[in-house]
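Colleague: Each chain, letter by letter, is given below.
There are 2 protein chains.
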Amino acid sequence: MHIRCLSTPALLLDDERLARNIRRLAARLAPFGVGFRLHAKTLKCVEVARRAMTTPGGPVAVSTLAEAEWFAERGVLDICYAVGIAPGKFERALALRERGVALTLLLDSVEAARALAEFGAARGHVFEALLEVDCDGHRAGLAPADPDLVAAANLLRARGQRVTGVLTHAGSAYDLGEPSPQAFAALAGQERAAVVAAAEALRAAGHACPVVSVGSTPTALFGEDFSGVTEVRAGVYLTQDLVMAGLGVCHVDDIALSVLCTVIGRRGSDGALVTDAGWTALSRDAGLKGRFAEFGYGLVQDENGNLLAGLRVNETNQEHGLITGAPGKAVPALPVGTRLRVVPVHACATASGFETVHLCQGAEEKASWPRCRGW
Amino acid sequence: MHIRCLSTPALLLDDERLARNIRRLAARLAPFGVGFRLHAKTLKCVEVARRAMTTPGGPVAVSTLAEAEWFAERGVLDICYAVGIAPGKFERALALRERGVALTLLLDSVEAARALAEFGAARGHVFEALLEVDCDGHRAGLAPADPDLVAAANLLRARGQRVTGVLTHAGSAYDLGEPSPQAFAALAGQERAAVVAAAEALRAAGHACPVVSVGSTPTALFGEDFSGVTEVRAGVYLTQDLVMAGLGVCHVDDIALSVLCTVIGRRGSDGALVTDAGWTALSRDAGLKGRFAEFGYGLVQDENGNLLAGLRVNETNQEHGLITGAPGKAVPALPVGTRLRVVPVHACATASGFETVHLCQGAEEKASWPRCRGW
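Going down the list, the sequences are from chains A and B. Its first residue numbered 1, the first sequence is counted upward by one per residue in our numbering. Its first residue numbered 1001, the second sequence is counted upward by one per residue in our numbering.
Simulated from the structure, these hints should not be mistaken for lab results. Treat the hints with caution; some may be incorrect.
[As the list claims (entries may be wrong)] Across the chosen pairs, the derived CB separations fall in these ranges:
id	chain 1	residue 1	chain 2	residue 2	range
1	A	Gly290	B	Ala1309	28 to 34 Å
2	A	Pro210	B	Ala1095	54 to 60 Å
3	A	Pro332	B	Ala1326	44 to 50 Å
4	B	Leu1094	A	Glu47	31 to 37 Å
5	A	Arg51	B	Leu1307	46 to 52 Å
6	B	Ala1309	A	Asp302	49 to 55 Å
7	B	Ala1326	A	Ser227	51 to 57 Å
8	A	Glu47	B	Thr1054	43 to 49 Å
9	A	Ala186	B	Ala1095	37 to 43 Å
10	A	Pro332	B	Ala1027	45 to 51 Å
11	B	Arg1099	A	Glu47	29 to 35 Å
12	B	Ala1121	A	Gly75	18 to 24 Å
Virtual Cβ for every residue (Gly too), placed ideally from N, Cα, C.
So here's chain A without its partners, still in its complex pose (with noise of 0.2 Å):
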């Protein structure tokens, strides 16, 4: 089916683009043998997971516990909760545990430990955690060194619970002031000696810690030392976006995601096109700092995918989309009615608007798949 037939707006994933940024993380990591676990994050849905994942039960990460039940439902069950669980989690985690899904949980707080060790031994179960470990003082996490690690360790294991090991999160990626390739591998450096510092600590209390898990799109596609690191995490890899174009980590047309939209309008004042793609469908993500200007909240293609040089989506209100030129740049008088897609500046935010992903070759349909939204 040609992809003018969906109704607007649509979320496109480009299937040709979505294989070669799956195949360029595969070919990154091959070399240094570690273990890669997709974090499903962004787009939420199996059948895409299902092309990235090493097999079709997993491993994956997942940003909520509605995705690992939908995960779970669709036969993945090795999977990680890669966000600290709040207790009024539990029993739902233990239901996933129960129906025997591999599921590993987060904690980075002695208190949080505790609470999951009373939860687990009042019923009876053993629970499976991994540690998180704060590599750059981003948002979570206890630092290697911090002796609450080793306590939260001891305190799960003296209530008979397993702790698999440590987990980080290189989030500073995203706001690096100089982003380069050596600042990605330096951050990825930074990855991996916070965790395996965190992982040794843990072994010299008699922890075995078969799992060390690090991972984000930058420090995964530039890292140039996994030694001591079990896996490697990833996830908006799969469809990149402007914030990793506008990072170096990717090139505009390595993007796979975009939104389909249609013209229904121009300003008056300035000619500007006007769409039916607002913040629900673009987000509200105005993307890296100072580079608004050149990406606004989003780049604008024609149907068929093909970048439309200089014009951009510059405001956004609930439904209507503004598209205008760079400084000097005019915008073409589009018919109403033309269709249009723009390039997302946050794939996870844009995506977590849908409830359908549609894979296209080029303005054809292939398939068209569900999304898990909610929590």
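Once you have looked at the hints, place chain B on chain A.
Modeller: Using the frame of chain A, we list chain B on its own:
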């Protein structure tokens, strides 16, 4: 049920504040004897709309055809689709009208009018259309004096379609440099003048123009003259948000919407509280220019809805929110598992992530209602 039994993040709607906000606008508009059409785009929830609509069957304005279908299935039959329609959506609009829904469409060019007129004539259907008038250069609409306004109406009439009137929206109310009651009243005057002039131009060309529609929450609440106007539209006034509070349209304690979340940890470097409400729950909307330092991605309340002065959500990742204090203000070391509420910056954007809204009285859930999503 106590809200602590809800899985987080969850969208809460305070029943008392909702009722107060509804009464405020109704009382404000009553002396003018003008009609009221609720805009449903914020909560997209028929149970909420029934509190504010003048009858159980409407009238209502919607921002997507999915909302029109959703409301029609639930007995709301007087619907204005208040976004310029893309030709690809005519079939769905026709299907609704053939089911007996009084669905009015919005057009703002001769080109769009021709497309609808040709479709209607080809399908033997008489559509009802409003012409969109530009009152402030915000995005869409024809200037009142633009000859295309009458040309579009004539073209529709010539093909047997019904032009029911004119509609405008003072979207620039949200961008006023110096917002004040006087500035909103002046803008309401500008809205009124534009749409009344457009109606007069149409009447001079022999179009009866029974509908003269204006609206935005600030102009609806502060307008001082609605003569010649037949209906006022407003939506976000139901819940209000920090954008509206920042503009002086409401007080922070008028805001009826919040996101219930759970503390999952604390950041080592600064003690920031880490919660499970990231940007999927709060949206990436950063609100009014220059007010981020004050409001962040949301202010913070305790579980019972009492504001915790000085705290705000300062950073969000996909599933992590980071709460910090104002400069010099310490962040309380709340235990893991503590429930908090986040007061939204932009209610429409925050609500859009949720499929359910929980009506609450204090910390008691009184009802749980589904929301429409998608397009």
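Colleague: All hints, please: hold or fail.
Modeller: Right, here's what the structure says about each hint:
no.	hint	result
1	A/Gly290 with B/Ala1309: 28 to 34 Å	33 Å, holds
2	A/Pro210 with B/Ala1095: 54 to 60 Å	57 Å, holds
3	A/Pro332 with B/Ala1326: 44 to 50 Å	47 Å, holds
4	B/Leu1094 with A/Glu47: 31 to 37 Å	33 Å, holds
5	A/Arg51 with B/Leu1307: 46 to 52 Å	47 Å, holds
6	B/Ala1309 with A/Asp302: 49 to 55 Å	52 Å, holds
7	B/Ala1326 with A/Ser227: 51 to 57 Å	44 Å, violated
8	A/Glu47 with B/Thr1054: 43 to 49 Å	46 Å, holds
9	A/Ala186 with B/Ala1095: 37 to 43 Å	58 Å, violated
10	A/Pro332 with B/Ala1027: 45 to 51 Å	49 Å, holds
11	B/Arg1099 with A/Glu47: 29 to 35 Å	34 Å, holds
12	B/Ala1121 with A/Gly75: 18 to 24 Å	52 Å, violated
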